[in-house]
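Peer 1: Please construct the entire structure, taking both the sequences and the accompanying hints into account.
Taken in order, these protein sequences are the chains called V and F.
To convert, note that position 47 of the first sequence is 47 in UniProt numbering; the numbers rise steadily by one, no gaps.
To convert, note that position 123 of the second sequence is 123 in UniProt numbering; the numbers rise steadily by one, no gaps.
Among the hints, erroneous ones may be present.
Unchecked claim - The calculated lysine-lysine pairs, modelled on PhoX-like cross-linking and capped at a C-alpha distance of 20 Å, are:
{"hint": "1", "chain 1": "V", "residue 1": "K251", "chain 2": "V", "residue 2": "K271"}
{"hint": "2", "chain 1": "V", "residue 1": "K209", "chain 2": "V", "residue 2": "K251"}
{"hint": "3", "chain 1": "F", "residue 1": "K283", "chain 2": "F", "residue 2": "K196"}
{"hint": "4", "chain 1": "F", "residue 1": "K250", "chain 2": "V", "residue 2": "K97"}
{"hint": "5", "chain 1": "V", "residue 1": "K136", "chain 2": "F", "residue 2": "K283"}
What the hints contain is simulated information worked out from the structure, not anything from laboratory work.
This one's a predicted model, so the numbers in the text were calculated from it and none came from an experiment.
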Amino acid sequence: MPDGADLPAGTTPVLDVQHLKTVFRVRGGEVHAVNDVSFALGAGELLGVVGESGSGKSVTMMSLLGLLPSPPADVRGGTVTFEGEDLLQLPLDKLRKVRGGRIGFVFQDPMTSLNPVFTIGYQIMEPLQEHMGLNKSAARARAQELLELVGIPGAAQRLNDYPHQFSGGMRQRVMIAIALACDPKVLIADEPTTALDVTIQAQIIELMKDLRDKLGMAVIWITHDLGVIAGIADRVVVMYGGQIVEHAPVKELFRNPQHPYTRALLTTIPKISGERARRLTVIQGQPPILGDAPTACPFRDRCDVAIPRCSRENPPRYDLGHNHDAACFVAKGSQHAG
Amino acid sequence: MLTYTFRRLLISIPTLLFIAFVIFMLLELAPGDPMAQMPLTIPPEVKEKMRIALGLGEPWWIRFPLWLKQFFIIEPAYWIDNSFGTDLAGGAQRIVSFQSRSPVFDTIAQRLPQTLWVVGMSYVVGVIIALPIGIISAYRQYSVFDQAGTFVSMIGFSVPPFFSGVLLIVIFSVTLGWLPSIYDTTLVVNSWATFKMQIMQMVMPVMVLALQTTAQVSRYMRASMLDNLGQDYVRTARAKGMSESTVVMKHVLRNSMIPVITVIALGIPSIFGGAIITEQIFKVNGLGQLLIIALQGSDIPMVMTLTFLFAILIVMFNLIADVLYGVFDPRIRYD
Chain V
1 MPDGADLPAG
11 TTPVLDVQHL
21 KTVFRVRGGE
31 VHAVNDVSFA
41 LGAGELLGVV
51 GESGSGKSVT
61 MMSLLGLLPS
71 PPADVRGGTV
81 TFEGEDLLQL
91 PLDKLRKVRG
101 GRIGFVFQDP
111 MTSLNPVFTI
121 GYQIMEPLQE
131 HMGLNKSAAR
141 ARAQELLELV
151 GIPGAAQRLN
161 DYPHQFSGGM
171 RQRVMIAIAL
181 ACDPKVLIAD
191 EPTTALDVTI
201 QAQIIELMKD
211 LRDKLGMAVI
221 WITHDLGVIA
231 GIADRVVVMY
241 GGQIVEHAPV
251 KELFRNPQHP
261 YTRALLTTIP
271 KISGERARRL
281 TVIQGQPPIL
291 GDAPTACPFR
301 DRCDVAIPRC
311 SRENPPRYDL
321 GHNHDAACFV
331 AKGSQHAG
Chain F
1 MLTYTFRRLL
11 ISIPTLLFIA
21 FVIFMLLELA
31 PGDPMAQMPL
41 TIPPEVKEKM
51 RIALGLGEPW
61 WIRFPLWLKQ
71 FFIIEPAYWI
81 DNSFGTDLAG
91 GAQRIVSFQS
101 RSPVFDTIAQ
111 RLPQTLWVVG
121 MSYVVGVIIA
131 LPIGIISAYR
141 QYSVFDQAGT
151 FVSMIGFSVP
161 PFFSGVLLIV
171 IFSVTLGWLP
181 SIYDTTLVVN
191 SWATFKMQIM
201 QMVMPVMVLA
211 LQTTAQVSRY
221 MRASMLDNLG
231 QDYVRTARAK
241 GMSESTVVMK
251 HVLRNSMIPV
261 ITVIALGIPS
271 IFGGAIITEQ
281 IFKVNGLGQL
291 LIIALQGSDI
301 PMVMTLTFLF
311 AILIVMFNLI
321 ADVLYGVFDP
331 RIRYD
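Peer 2: In structure tokens, the structure reads:
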């Protein structure tokens, strides 16, 4: 593990995740959803996390804050250092102060993520009263500010509205307002634009960029949309089979992808210039479901450059220079050769 | 909401008139003779005269409107006269029971307190027990508590009161001798001793009936809580840093109560219907027992009036349930 290679030199991480392991106990065995994941997040940085469905992106982030239902989920190991404390070891009442207080969370589906029977105002005021100890009128004033911040017109009146009176995009803005309520150091956005249509997506992405510049918080942006990542991220982590398979600054990743999975992902993006392909490119096969901790490269069955070693050992993340690393024997080998 | 309620009230008028007509015609077509229990020594022509005196000589198209008039105009008039000392009724003929020859509403007024005390109390007790059981069962799904709750509910659903009631009597009255097996209606509560007596005679019928209510409502509550515990907004509430008690007792419970409140409201009319079997077992002379005796004696005015009162209650509580639904769920707006 190239310790410290995660961050550009000279930055101290706000959030430092080391060797995180999460296992789900299911009928007839276990599913190893997160395997030895390590990454760090610098202040004010936007870290993109990409991977297909089931690659462990969301589970990783929810493990950080203990948001997975347990049982079946079990965070088996690792450390999550945030403000000098290991979140995995914190007792629940202290962890609650971090959730919503110093780390905000925005979820994928704004249609179901808000409580239908409480007003928007109530739902924004709740964390304000809980974490910042504001009284009702102060919380209400702050809630109105937040709604204005995320660009909801007529904020004062809309505080009394219920979620069903908002459109999907507006609800996601409300979710962002809730996550931002207590000025978090870190915002984790779990596919915040996936459930929205494209124009609304663009608005939300613009909003997030804007907010990050204004508020200076660090953001983890989970998505499976590489286009979104290219537009907003500073660094990118690519996940596959519950592991980080490649990590690089965003330009480096798109210019010089090293892991065969990342390369395959990039070729699946349809081109709008040149001759139109007869068929869309796909990555053949299914992502693995890991019943045990991986002992071989999880991507080997779908990989076009696999070598025999790939099925004997699980490749560690090799440092490839330029703050770039990839968990691939072949990538490592070719770098040595070149 | 107000317009909706008003519109629904207007619609319920023809509904109730139709129900009244159906009940009346069913009783008209049913076999049975109010004179059947008179001594055999009474000659048939005298019996016939008695029938005519009861008003049975008239055809149904006379008797049905007459009953409607008595029910909707004369009886309320008597009630107002009694309350405010007016004289609206002017001595008009009330609905009179064939068996007791006393006004039907007087008998109902005598019987209602027993039913409300025993059956109503059992409903309240049942719901109060059921809600926490349902909440805890759902929150700790498949725990020992949940398994025990499921087992008790199954008993509540499957063991009929004529078994559980008699079983309780055998255990607590016959073997242990702790509780009286007969409900004494004449007991006047005016001292600590009589209050204790009243509680003791209520315990068994209330428990028998509460078991059934608990079984039903706790299952609804559990299912509804389970539905909501898995929702995304619960995760949001946790991610906001809310405590578990806020998450469960505020966010989840508020949503889960919506269908349960409907079930509870719809169950209330059955309180007034009395628990026919349980009242028989413990000799509670409530409305259920009154209805049974009236049916056996072909006491048509009594049966007709009681059944129609139940119908009114059912229609009204359906309306109340719908309105409550709109009150508790902001997504539902009727206007």
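Peer 1: To test your reading of the hints: which numbers does this structure violate?
Peer 2: Number 5 - this is the single hint that the structure violates.
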